[in-house]
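Asks: Throw the hints in and build the complete structure from the sequences for me.
Quick note, in the numbering used here, the sequence shown goes up one by one and the last residue is 302.
Heads up, a few of these hints could be off.
Label pairs and their in silico Cβ distance ranges [said to hold, decoys possible]:
#: 1; residue 1: I289; residue 2: T146; range: 44 to 54 Å
#: 2; residue 1: D34; residue 2: T146; range: 39 to 49 Å
#: 3; residue 1: D19; residue 2: Q66; range: 19 to 29 Å
#: 4; residue 1: L59; residue 2: Q134; range: 15 to 25 Å
#: 5; residue 1: G67; residue 2: D34; range: 17 to 27 Å
#: 6; residue 1: L166; residue 2: F278; range: 55 to 65 Å
#: 7; residue 1: N32; residue 2: S111; range: 22 to 32 Å
#: 8; residue 1: N32; residue 2: N57; range: 17 to 27 Å
Don't read these hints as lab results, they were simulated from the structure.
We treat Cβ as the ideally placed atom computed from N, Cα and C, and that holds for glycine.
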Amino acid sequence: MIEYYKRTISQNELKKIEDFKVGSWINVIAPNHDELALLAKNHNLDIELLEEGLDDNELPRIDFDQGNNYIYVKSGHKDKNKLLTILIVIGEDFILTLSKHKVPEFDLLISKSVKIVTTQRLKTLISMLYLIDQGIEKDVLNVVKTVQQKKKSSKDLKEKDIDDLLDFEDYLNNLVSMYYYTSLLYSKLTKHLNFLEDDRLLLQDLIVETEEGLNLCKNSLKTISNIRNNYSIVLSNKLNRSIQILTLFTIAINIPAAIGGIYGMNIGLPFQNSPFAFIYVMCIIAILITSFFIFAKKKRLI
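Replies: In structure tokens form, the structure reads like this:
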């Protein structure tokens, strides 16, 4: 799907237009090969670079071809714990965005909640990068909040909680990689594109926020690692305790079994002629079992 939007300085709001005009924003969502070929032909774009914008494994970077700047960034995905690749192309007379799925942050531009002037391509680029950064930051804070909640109840975690933490760990590792390459990308943008001073300062702010996000993700990864280690220790202790208790009860059960086995033999035994032999044997068993548990208690085995 290819959509065209345009707003000049003299216009009050962004408008959707039928066909391309100079100074337009071209918003491309889940394009097929024919649409990519049409874009490449009409705007002198490299179709291979456009196809790379649909690759979810693409890392943030910038590429140049025939006067066009291809900027690859990452955004939150509609599926849980995934990142979506977004390609932003800065051409001579247009700005183009391309993604495999709809970008929620761009809805704010289309709904006019965030105002842009499409003829000012670099200012529009900064606005888009800010919206994408805010979306990622929101996702990161939600993950961090959930991780902290899991940390408080680490002793009562269930198997599903551990699975969730492993998903978060994988997502945070992707974010660490994304933040690292995004920081490099922003630094290259300041060198290769002719931003106005105000826009350059805004881009510097984005670099700072990226570094803060990177540190936040790293700290959350350490927290998850500590939670998993603590969970492993708790499970190990519970397993050892269970084995210990079962061993003690096995010994306790074997005491009457051994004495009963001896008195089941056809040989001469103490009390065999006494009418109270059963009571005596039961008393001996009770004394032995009680002594065993007192000994185990003193040794802190139970």
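Asks: Each hint needs a verdict: does it hold in this structure or not?
Replies: Here is what the structure says about each hint:
In this structure the hint that I289 and T146 lie 44 to 54 Å apart at CB holds, the actual value being about 49 Å. Here the CB-CB span from D34 to T146 is close to 42 Å, well matched to the stated 39 to 49 Å. In this structure the hint that D19 and Q66 lie 19 to 29 Å apart at CB holds, the actual value being about 23 Å. Judged by the Cβ atoms, the range 15 to 25 Å given for L59 and Q134 holds: they are separated by roughly 21 Å.
Under the hint 17 to 27 Å, the C-beta atoms of G67 and D34, about 25 Å apart, fit the expected range. For L166 and F278, the hinted distance range of 55 to 65 Å is satisfied, since their beta carbons lie about 59 Å from each other. Restraint check, N32 to S111: a C-beta distance of roughly 26 Å satisfies the suggested window 22 to 32 Å. For the pair N32 and N57, the beta carbons lie near 20 Å from each other, so the given range of 17 to 27 Å is met.
Checked against the numbered hints above, the structure breaks none of them.
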